[in-house]
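2 protein chains.
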Amino acid sequence: MADGTETAARRGRRGGGGAARRAERTSGAIEQARYITRNMPDFEILNAEALEIIESNAETVLEEIGVSFPENDPALARWREAGADVDGDRVRIPKGLARKLCATAPSTFTQIARNPERAVEIGGRNLVLAPVYGPPFVRDSGGRRYATMADFEKFVKLGHQSKWLHHSGGTVCEPTDLPVNKRHFDMLMAHMTLTDKPFMGSVTEPSRAVDSVEMADILFGGLDDRTALISLININSPLTFDSVMMGALEAYAAANQACIISPFIVGGAMAPVSVAGTLTQVLAEVMAGVAYSQLVRPGAPVVFGAFVTSIDMNSGAPTFGTPEAAQITYGAGQLARRLGLPFRSAGSFNGSKLPDAQAAYETANSLNAGLLAGVNFMLHACGWLEGGLVADFEKFVMDADQLGVLHHLARGVEIDENAQAMDALREVGPGGHYLGCAHTQANFKAAFWKSGLLDYKPFETWADEGGRDTRGLAAAKMDKLLSDYVQPEMDPAVREALKDYVATKKASMPDAFS
Amino acid sequence: MADGTETAARRGRRGGGGAARRAERTSGAIEQARYITRNMPDFEILNAEALEIIESNAETVLEEIGVSFPENDPALARWREAGADVDGDRVRIPKGLARKLCATAPSTFTQIARNPERAVEIGGRNLVLAPVYGPPFVRDSGGRRYATMADFEKFVKLGHQSKWLHHSGGTVCEPTDLPVNKRHFDMLMAHMTLTDKPFMGSVTEPSRAVDSVEMADILFGGLDDRTALISLININSPLTFDSVMMGALEAYAAANQACIISPFIVGGAMAPVSVAGTLTQVLAEVMAGVAYSQLVRPGAPVVFGAFVTSIDMNSGAPTFGTPEAAQITYGAGQLARRLGLPFRSAGSFNGSKLPDAQAAYETANSLNAGLLAGVNFMLHACGWLEGGLVADFEKFVMDADQLGVLHHLARGVEIDENAQAMDALREVGPGGHYLGCAHTQANFKAAFWKSGLLDYKPFETWADEGGRDTRGLAAAKMDKLLSDYVQPEMDPAVREALKDYVATKKASMPDAFS
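Residue numbers (the working numbering), protein chains in the order written: chain L, 1 to 514; chain D, 1 to 514.
Excised from the complex, chain L in its bound form (with noise of 0.2 Å):
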């Protein structure tokens, strides 16, 4: 297609069956954009000096002071082999030693998917984006409650439906209503399932993640060190990398499955004030971490992440899409390209209680810093609410459709001589319109973006059909989206493998709430 997408409709030689069929009779078919590839510049705020003053000074911090591993003695004792002064839980790590041991990490990896064609190439100069993680609340027009395993269903099914989102994402939404050392089965099951596109396993135990890494090897069958699961590992910030996490990066990276290593840092609390002295930590903690997964296994997949976020200094509140997390976006996209290494930031942030114009200026301010900051892997791209603690119905739809202007810029500006359009110039002269003219008939269908859900109507024919604001029109579009889902065709005997899987998993512990 010329915008780079396609219907399921139109991949019947692999959609098959009976499912392809029953999609194209509908009217939603399921349009599926390609992740991103940019065909622009990355925008650099970092000039040369101050980006070797922030990696000097990261050197410094991992020399002098040093990052923590408590309870974890294999993870002393691999620093330790490695050059490493360790001192109780405490790691100095000589300076180039980190970023020596960064050098073995791939630049760019694949992620397999159950459909082949929504694989995604993570690094280099490519834009995957993927749901909100982690709210334990949801919001949808009835107002906001605990999230349940139902609620956990309909997003998945909605990031499915949605054409701009090229990756189902991982904990949508925490399912409260099930036990919490059993709920990841029932989101895996749910990713495997409910949907063709890649995923994101486990990490609140490191059982967990061997529990996702098999279930991962059942669906693929065999995984055979192919990278099907990308997983959040969030540093403790400052400098800590508590050994719950540090288990499930283990896991992962001995499997050769991808890691998102990810200081997690309100500024002002978890980090300095200021942006250089953010980043010089960011720098810090993410060489160590990385530095720490090619010791597990050099050449495993990861990514350089930066969840930074400013806070309100009076209340203590975090505040989202400002001008400081944009600069800190930007600032560690360059610091992660210099390292070589995938980057991860940004995503659909904001501090609001509902889907209002608050809520879109900051998503807005985050989701245009994270492409022009060179991310790679946007997680939270859509339906993010209140800080995170919610995953809002109506915004993932408002979102997910405005993650098409991401698309669209990235092509950049064509310059053949069809772009050029000098014989449209030429027709229609001084004083003419275009709307007529050749280049225009032939060009018209391409060559604007087009929103999915936002009002464009005269003010008449919008008053009649009941002046509805974007939280009406996109509660309209998830039911269309929902009503047209059409579940993917799977194998029956991996679906029946996975189950007994679960089944056993599940009958060999008592359930736990806390």
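Source of the hints: derived by calculation from the structure; they are not laboratory data.
Relax, there's no trap hidden among the hints.
Any copy will do: because identical chains look the same in the list, a pair fits if it lies in one copy or spans two.
When the alpha-carbon atoms are kept at most 20 Å apart in a straight line, the in silico EDC-like pairs for lysine to aspartate or glutamate are as follows: (1) 182 with 214; (2) 457 with 312; (3) 450 with 312; (4) 480 with 465.
Following the hints, position chain D against chain L.
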């Protein structure tokens, strides 16, 4: 001040008198930011080859197709004398001539203001923000209605009170209750007496441009070639310079007053559907217009304008905040810098009927693009709604708050010793927190941008206070800004002279309503 602002209360020496004292007593003392001076690079989307192709094609357009100056014999005579090929009202400009004529236009100029601290420097690394221009309707919590002079004055007062707005603008809304041929007097009086920020002149008839200059001459006690007005001269795209607009330009340029020479393009209708083709036409049009201004008066201050939006090719509706508009804004900025001219583009553009999420996404997309594109004068920076048909009071306040994001982003990243924060990193170490450390205490006040409007409160507090959305917060802030408004002091003799001028002029002509 640390963030480049100051309060009226501190400007005692000049504010003087009772008004300043009254302002000091209120909690709403006016805090005002200086215009933005960027300490960050521009985003350059076009590479050298693309720039050269577009510049070469624009020269071809001017030489082969030419531009039209209908019903304007003096203009045709000027062009003929300058060496252009004039055929009827068509002016074909030999390659190189327009660019050569543009060279006498200043790359930066000062627009004076009644308050000398509000003077703005337009060009270079600066960005001056001005409010919405032109809507026939207004909207507030009561709905949408035709704009009146009372609305106009309310907007001027809101602009005066808005910390991040540097300029009072021009036709903030059309006062449709006043005669068409006299309303410019009332609009100018409002800008001259209700605020001390710089403002714009009338362009709807050449005689009204002359009136504007004469009133500015009275206000400033003689202009002496100082630039006190900036005015919006739209080009009738494609490639047509109508005699009314050119008449206004002639009056302003002759008096050394500034003109924004601006193609007004709905892409696909008034320009080719491609970005490169549109940029070619924009460059050709601006070069012809600027060259003409320099034929009227070499050295007259002008701005390279680009008002460009895309179109929904199904309905014909213009669309805003789109990726194509952003690409054109980035590219036009590069072309303007290569011409050595100040650049005008972007704004609070959106197509929504309400100040909702759509309005905010689209606005944020455009504002961010404008900052990174190197815009020097941003008209419509706040208050625009419904494709420019409506000036919205709530959105004016919401957008004006978001302009603070641009100010802080434009500061760039500091890299001095304090910003590096190595002492803080050493003091806190792994597992600590930064809230109480010395570096945080010394820096937190100026560290992060803080909205003066948006909601950062805990959910329960927010709910207890009524669960307001952004519109509700903006309506309350608007009321506060207006109730805190104090009219800036003015020499009574100047005010009387202006009143006399307007009364005499109004008496000299019958009312006209179309």
